[in-house]
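Chains as they are written, first to last, in the working numbering: chain A, 1 to 215; chain B, 1001 to 1222; chain C, 2001 to 2242.
Treat the hints with caution; some may be incorrect.
Computed, partial: chain B to chain C, Cβ under 8 angstroms [what the hints assert, rightly or not]:
no., residue
1, Met1024
2, Leu1027
3, Pro1042
4, Leu1044
Just so you have them, the derived chain A footprint on chain B, three or more residues with Cβ under 8 angstroms [claimed, not checked]:
no., region
5, 1002–1012
6, 1080–1089
Hint data in this document are derived by calculation from the structure and do not stem from the laboratory.
Beta carbons are placed, not taken as given, at the ideal position from N, Cα and C, and that holds for glycine.
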Amino acid sequence: MRLSADDLHCHRGGRDVFAGVSFAVGSGEALIVIGRNGAGKSSLLRGVIGLVRLSQGRLTLEGGDPELTIAEQTHYLGHQDALKPSLSAAENLSFWAGFFDAPSLDIHGALDAVGLASLAGLPAAYLSAGQRRRLSIARLIAVKRPIWLLDEPTSTLDVAAQGRLTGLMQAHLASGGLIMAATHGPIGLAKTQELRLDQASPSLAQDQGDEQEKP
Amino acid sequence: MNPLAAILVRDMRIAVRVGGGALMGVLFFLVVVTLTPFAIGPDLALLKRIGPAILWLAALLASLLALDRMFAADHDDGSLDLILMGRAPLELVVAVKGIAHWLTTGLPLVLAAPLIGLFLNLDAPAEAALVLTLLVGTPALTFIGLIGAAIAVTLRRGGLLLAVIVLPLTVPVLIFGVAAANAAVIGPVPFGTPFTILCALTLASLVVGPFAAAAALRQEME
Amino acid sequence: MALLDFANPSRFLRFANTTIPWLSGVTLIVFAFGIDQAMIAPDDYQQGATVKIMFLHVPSAWLGMLAWGVMTVAALGTLVWRHPLADVIAKAAAPIGAAFTLLCLVTGSLWGRPEWGTYWVWDARLTSELILFLLYLGVIALWRTVDDPSRAARAAAILTLVGAIDLPIIKFSVEWWNTLHQGTSVFRLGGSKIYPTILIPLFIMAAAFTLLFFTLLFAAARNEILRRRVRTLQLMQASQVT
Chain A
1 MRLSADDLHC HRGGRDVFAG VSFAVGSGEA LIVIGRNGAG KSSLLRGVIG
51 LVRLSQGRLT LEGGDPELTI AEQTHYLGHQ DALKPSLSAA ENLSFWAGFF
101 DAPSLDIHGA LDAVGLASLA GLPAAYLSAG QRRRLSIARL IAVKRPIWLL
151 DEPTSTLDVA AQGRLTGLMQ AHLASGGLIM AATHGPIGLA KTQELRLDQA
201 SPSLAQDQGD EQEKP
Chain B
1001 MNPLAAILVR DMRIAVRVGG GALMGVLFFL VVVTLTPFAI GPDLALLKRI
1051 GPAILWLAAL LASLLALDRM FAADHDDGSL DLILMGRAPL ELVVAVKGIA
1101 HWLTTGLPLV LAAPLIGLFL NLDAPAEAAL VLTLLVGTPA LTFIGLIGAA
1151 IAVTLRRGGL LLAVIVLPLT VPVLIFGVAA ANAAVIGPVP FGTPFTILCA
1201 LTLASLVVGP FAAAAALRQE ME
Chain C
2001 MALLDFANPS RFLRFANTTI PWLSGVTLIV FAFGIDQAMI APDDYQQGAT
2051 VKIMFLHVPS AWLGMLAWGV MTVAALGTLV WRHPLADVIA KAAAPIGAAF
2101 TLLCLVTGSL WGRPEWGTYW VWDARLTSEL ILFLLYLGVI ALWRTVDDPS
2151 RAARAAAILT LVGAIDLPII KFSVEWWNTL HQGTSVFRLG GSKIYPTILI
2201 PLFIMAAAFT LLFFTLLFAA ARNEILRRRV RTLQLMQASQ VT
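The shape of chain A in the complex, shown without the other chains:
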């Protein structure tokens, strides 16, 4: 499986968020997208799955399921955790597993993988920010999809949880998946390539935080 992008441009709100971005990631590889705030990391990830309109360029996936779009074979871990506070941790997770029509519904195993098995019955409202993040990550375990797009996956995670996430990512790569992650800090993966997003019209982008890039 190989995800490649050729000359991607994104033009929004009268400025270029990024321009001329090309990359290629294959099975078992991780692509780390780096750049200062406002360089367009979040927009690039969202562009890959069609949540942000790309004004130019081409995205291709070789070796995937030809019946499905790229977005339908991708997990996206964004800034928000997509959890409902009144539902329990297990209910939140099994909703997403059900919605993504996962063949094997190993909710408990997925919660265990992120260290939340003992909190399965608690409402998500009672969880801390880091626990909510981990519950969100459990979704990637419960439902198998080959491409992971992770936007600042380690934010709000403590050192132990970061280590656990690294382990999960390594396992995903080892099983033939591919990862594209936007991050500031080191991510602890062995086989990575870097994509630097710094060239796009820096003077206009200075004051734009990552949050403001989302629609």
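Using the hints, position chains B and C against chain A.
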């Protein structure tokens, strides 16, 4: 579990949990109906004559409650991004969310209507006609409301805008709903004539609502 | 400050656990006696046996108002002393008061149907009872909407106090409003002559209803305290998982 069943179960669960909107509509319905005699006086003959209209108006307002958060809540917590990445067509997801909303807001109104009709001195045929018209008509209100909810998804104060854009669209449903309920009691038109048109309006809204709402959501999300 | 001393949730739990069985027993006995007395009370020469609805209707109306009184005192406890037990009592009393008020409305309209020929008239007393019921539902809805118990308690306390001021105003304004539009109704039970043969069973039933109210209140308050402990334990559990 099937994706659409998952959405249905989740939305209904949220509605009945703490902070959910289920049964709030019935309370609102009851309050609005209670206020009417204060405004127009306790004359039972008059209340009986305009009762179906009052109940329909109250049901219309009550069924718009909580509609503004239907997509906005999913948008604010990032769920909508993931829903767009699912394999289920967005139109069907929207329709199922509409069904969940109707089951937790519209259906309780229909069930409460005969009880609340007693306050307005409605007799048995009027009650039956009212329940039947509400049962057929309230899904149309929800599904027309879906369009407004989708348009207002990214707005912080979507509630008022929703009412302003949705209420004019519901006028035909109101006309034929009340006309059918009145026809059953007063005549002279047979009940079937306005009632058939009401059914047609509902069927049309079941189709148009999800497509328009899904189109609006796609536009908003890009 | 014996009352405040007593008002400690753990002490209340112990008190509730010991009193609830006794209270339920006494309630049952008084109810049995009251229903028996109500059964042998003479029928009304005009209304026949339907007058016996009164033995349910009047006590439930009283208890509906008493519950709001309890909630008002508890609301002061919440706002002035910030006492957690006051929150619990206020929350527990609301659904019970609503149930009594609903019972009053239902028995009233069942009584009204043979007497007035309709289930409902917009009479002063009926209307203010309906508004009391709506206020109860509003308080319950408020409790159900706010997740954090102490925030919900303060908001509900303010609403309860405003309701306590508002209820007499509603009552008077409704009477005034109704006399302006004197409609089709006459409320017949206007504080007139009631014979002791009816009055005594009525008081026994009122005593039974009051006992029932406090039994339910203590049980509901105990459940609420336990529910809050579960919530606290869950929050602690969440904070301990790393």
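Which of the listed hints are not met by the structure?
Every hint satisfied by this model.
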